[in-house]
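Engineer: Letter by letter, the chains look like this.
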Amino acid sequence: MQNGSEPRKHTIAVLVENRFGVLSRVAGLFSARGYNIESLSVGETLDPTVSRMTLVVRGDEFVIEQVIKQLHKLIDVIKVTDLSEENHVEREMILVKVNAERTFRAEILRIADIFRAKVVDVTPVTYTLEATGEESKMTAIIELLRPFGIQELVRTGKVAIARGSKSRTRKVDEKLGKAREPAPPLKEPARDIGFED
Amino acid sequence: MKLTGARIFLECLKREGVDIVFGLPGGAVLPIYDALYDFPGLRHILVRQEAAAGHAAEGYSRTTGRVGVALVTSGPAATNLVTALQDAYMDSIPIVAFTGQVPTHLIGNDAFQEADNVGITRSCTKHNFLVKDGNDLAPMIKEAFYIAATGRPGPVHVDLPKDVLVKEWLFEYPEKVHLRSYNPTYEGHPGQIKKAAKSILRAKRPVLYVGGGAISSDASEEVQRLAELTQIPVTTTLMGLGAFPSEHPLSLEMLGMHGTYYANMAVHNSDCLIAVGARFDDRVTGKVELFAPQAEIIHIDIDPSSISKNIKVHIPIVGDARRVLTKLVEEIEKEMREGVPSIVREARKQWAEQIADWRARFPLRYDWDDEVIKPQYVMQEISNLTRGEALIVTGVGQHQMWAAQYYRFKHPRAWCTSGGLGTMGYGLPTALGVQAAHPDRLVVNIDGDGSFVMNSQELATLYESRLPVKTVIINNGYHGMVRQWQEIIYKERYCAVDVSSGPDFVKLAEAYGCVGIRATKPSEVVPALEKAFSTPGPVVVDMMVDREEDVFPMVPAGGANKDMILERPNKEVKAKAAKSQTGF
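These protein sequences, in sequence, are chains R and X. Numbered according to the working numbering, the first sequence spans residues 236 to 432. Numbered according to the working numbering, the second sequence spans residues 121 to 704.
By construction, these hints were calculated from the structure, which means they are not laboratory data. Since the model is a prediction, treat every value here as computed from it, not as a measurement. Treat each hint with caution, since some may be false.
To spell it out: a stretch of chain X is covered by chain R in this simulated footprint if at least three of its residues, at any positions, have a beta carbon under 8 angstroms from a beta carbon of chain R; those stretches are [stated by the list, open to error]:
(1) 233–242
(2) 289–301
(3) 333–345
Residues of chain X placed beyond 12 angstroms of chain R at every Cβ, according to the derived structure [to be verified]:
(4) Leu250
(5) Arg403
(6) Asp487
(7) Glu491
(8) Glu668
(9) Asp683
(10) Lys696
For every residue, glycine included, the Cβ atom is placed at its ideal position computed from N, Cα and C.
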């Protein structure tokens with residue numbers, strides 16, 4: 236459908252049955268309908284029968300509406316949330332193997348320090364760094380390391396969670412009619428303000 | 121109780137109330153066929169190609185409202201079945217298809233007749249299962265039937281590895297299905313229904329646009345009640361034919377690419393379009409920007425993803441068509457007690473007059489010929505001779521559109537056609553399934569000569585299983601619809617459309633043990649049909665029709681519905697049609 240709003244990036248959280256074939260159902264849906272996934276990450280939730288996927292998709296409002304509806308239509312999908320609609324935290328981790336000749340070793344460590352990146356492997360000629368953060372931060376560190384010569388770069392894809400005290404998986408449990416231990420009372424009143432780091 | 125997987129499979133079908141299975145055996149499903157040998161109460165109909173098993177299940181399902189079942193083996197059988205699955209998926213027909221699979225320890229080893237069945241059918245089914253553990257067999261079959269029949273219906277595929285069928289497992293059929301991730305919405309939102317009622321009552325030029333969903337949810341009575349209560353004209357899609365009687369004074373018949381002029385003009389000029397179980401398919405809308413541009417659109421559909429997919433909907437109501445319409449009628453009755461403003465009354469009168477005028481000026485028409493059989497005439501005579509009471513199945517192409525235009529539909533679930541996928545060869549195997557479900561009724565397969573040969577091997581099934589389907593082949597020696605497009609849009613550059621070399625359909629029918637009849641002149645049409653309908657057993661009528669007849673009206677693909685071509689166009693119109701091609 237045409238005349239939608241400007242295309243923009245959406246971060247969508249999808250709770251699915253932790254079953255064989257689910258990932259390919261989701262990936263197949265995107266390829267069959269011509270939507271583009273910018274990143275996708277999957278992992279088990281606290282409940283081992285449920286997995287959580289974080290998808291980053293670009294599209295106008297109509298495309299995103301269809302993406303969400305089509306995801307819902309998959310039998311194994313339990314819940315779909317567009318996190319971009321609410322206040323949320325997004326993170327991505329990268330592992331980067333960068334050339335580190337003697338003359339640049341200190342400089343690279345300084346950059347790592349600025350971005351709170353960790354050195355996870357060292358050789359006489361390379362450093363492997365681990366960094367975590369928002370997309371813009373990851374882009375920045377990659378750009379700063381690029382001049383030294385990046386040997387290899389691995390990105391996890393985004394994971395995201397809504398800010399605030401409300402739990403998304405808890406809601407699902409209620410929806411599924413599953414009893415659950417009430418969460419221990421918070422010592423301080425919950426704050427929905429959150430913070431940026 | 122411990123049973124083999126094969127026996128469990130059969131017990132599950134029995135518990136689901138399955139009476140007929142359409143199938144074709146092979147290595148991986150041999151354990152099932154062995155168990156079937158002395159299993160009472162289940163009729164197996166042996167088809168001659170696996171796609172036919174799927175189509176037969178579709179025909180069974182569409183005309184009975186129950187889930188159709190197909191059973192085939194692994195590898196090539198499963199890939200043959202794919203066309204039928206996609207066909208059922210696009211037309212929302214509930215079937216459950218079972219395929220064999222190599223034993224679990226061989227999966228992925230490129231074993232003989234192995235294919236990644238669930239990988240292949242994932243995108244053409246509502247859901248699919250690979251049964252890796254025999255303890256999951258009964259629950260998965262239960263879920264398969266449940267998923268196929270509920271919500272927006274569709275095909276479900278279950279892949280059965282041979283070792284699962286051979287080994288013994290504890291059998292217990294689950295009473296209930298609970299799928300935490302699958303809860304279709306049946307009841308419409310009361311607020312939305314109220315909004316829709318108000319919109320319908322203030323509309324000056326309303327139209328009901330009814331699709332196959334109205335048939336799936338058995339809502340045709342409710343459609344008729346709503347139409348009569350509010351005096352709103354009704355147009356149906358190809359899949360919706362039969363949901364509203366063609367001869368009802370409010371009927372506008374079919375809309376879209378080959379719909380009636382009055383249906384398309386009414387939709388184009390309407391100010392309130394009420395879509396019921398329809399999906400705004402491109403063959404209905406034409407150019408979307410120019411589809412019902414002034415209308416407030418109310419869309420009743422059980423599938424939320426159908427809403428605002430192609431056309432922006434103003435009042436969406438997610439729910440089962442029948443339940444929503446029942447509530448909507450109640451709501452409208454309540455509102456009507458408070459009276460309808462005279463201004464609306466007056467506008468409605470003018471609207472009815474306007475539609476009557478379109479209808480009178482541009483009815484469906486064709487030129488009669490004393491020498492050559494016009495295909496439209498054949499449809500009219502089939503309609504007359506059966507009094508609209510037959511179960512009609514078609515292939516895909518020109519004959520399908522003529523049947524849709526000229527057959528006078530009276531009842532729902534009496535029309536099977538491949539709407540979404542346009543599967544040539546759909547006719548004969550589907551008719552076979554329909555006849556199996558309704559042994560005492562007249563089943564007519566209206567087919568094309570191009571379409572028929574794609575599955576003509578099923579004549580053997582008809583003969584062997586005593587299924588007296590009457591096939592009427594509209595034989596113009598062409599892939600007629602393709603020829604028509606090449607004529608109108610591609611400057612008469614006919615390429616690869618002439619199929620007049622045969623076969624001789626009378627001899628072909630006889631070779632399979634069926635009766636063959638040929639008609640070559642208009643005067644022979646009625647006697648040929650009468651003979652066909654009164655002859656016991658399967659019959660094929662070879663109707664030699666006008667080779668160059670075209671289907672009109674016609675909206676060239678990508679064009680606007682209001683710019684229909686009403687009769688054989690001259691050069692200028694053809695040039696314009698060629699230009700309007702937007703690539704599909």
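Engineer: Each of the hints needs a verdict: does it hold here or not?
Structural biologist: Here is how each hint holds up against the structure:
Restraint check on the region 233–242 of chain X versus chain R: 3 residues with Cβ-Cβ distances below 8 angstroms, three needed, restraint holds. Taking a C-beta to C-beta cut-off of 8 angstroms, the region 289–301 of chain X contributes 3 residues in contact with chain R, enough for the three needed, and the coverage statement holds. Look at the region 333–345 of chain X against chain R: 0 of its residues bring a Cβ nearer than 8 angstroms to a Cβ of that chain, fewer than three, so the hint is violated. At roughly 8 angstroms, the least C-beta separation between leucine 250 of chain X and chain R is not larger than 12 angstroms, which violates its mark as non-interface.
Non-interface status of arginine 403 of chain X relative to chain R is upheld: no Cβ of that chain comes within 12 angstroms, the nearest being about 17 angstroms off. The claim that aspartate 487 of chain X is not at the interface with chain R holds, since no C-beta of that chain comes within 12 angstroms of its own (minimum 40 angstroms). Every Cβ of chain R is farther than 12 angstroms from the Cβ of glutamate 491 of chain X; the closest lies at roughly 50 angstroms, confirming the non-interface assignment. For glutamate 668 of chain X, the non-interface assignment is confirmed: its Cβ lies about 38 angstroms from the closest Cβ of chain R, beyond the 12 angstroms cut-off.
Even its closest Cβ contact with chain R, about 20 angstroms, leaves aspartate 683 of chain X beyond 12 angstroms, as expected for a residue assigned away from the interface. With a least beta-carbon separation of about 23 angstroms from chain R, lysine 696 of chain X lies farther than 12 angstroms from that chain, consistent with its non-interface assignment.
The structure shown violates the earlier hints numbered 3, 4.
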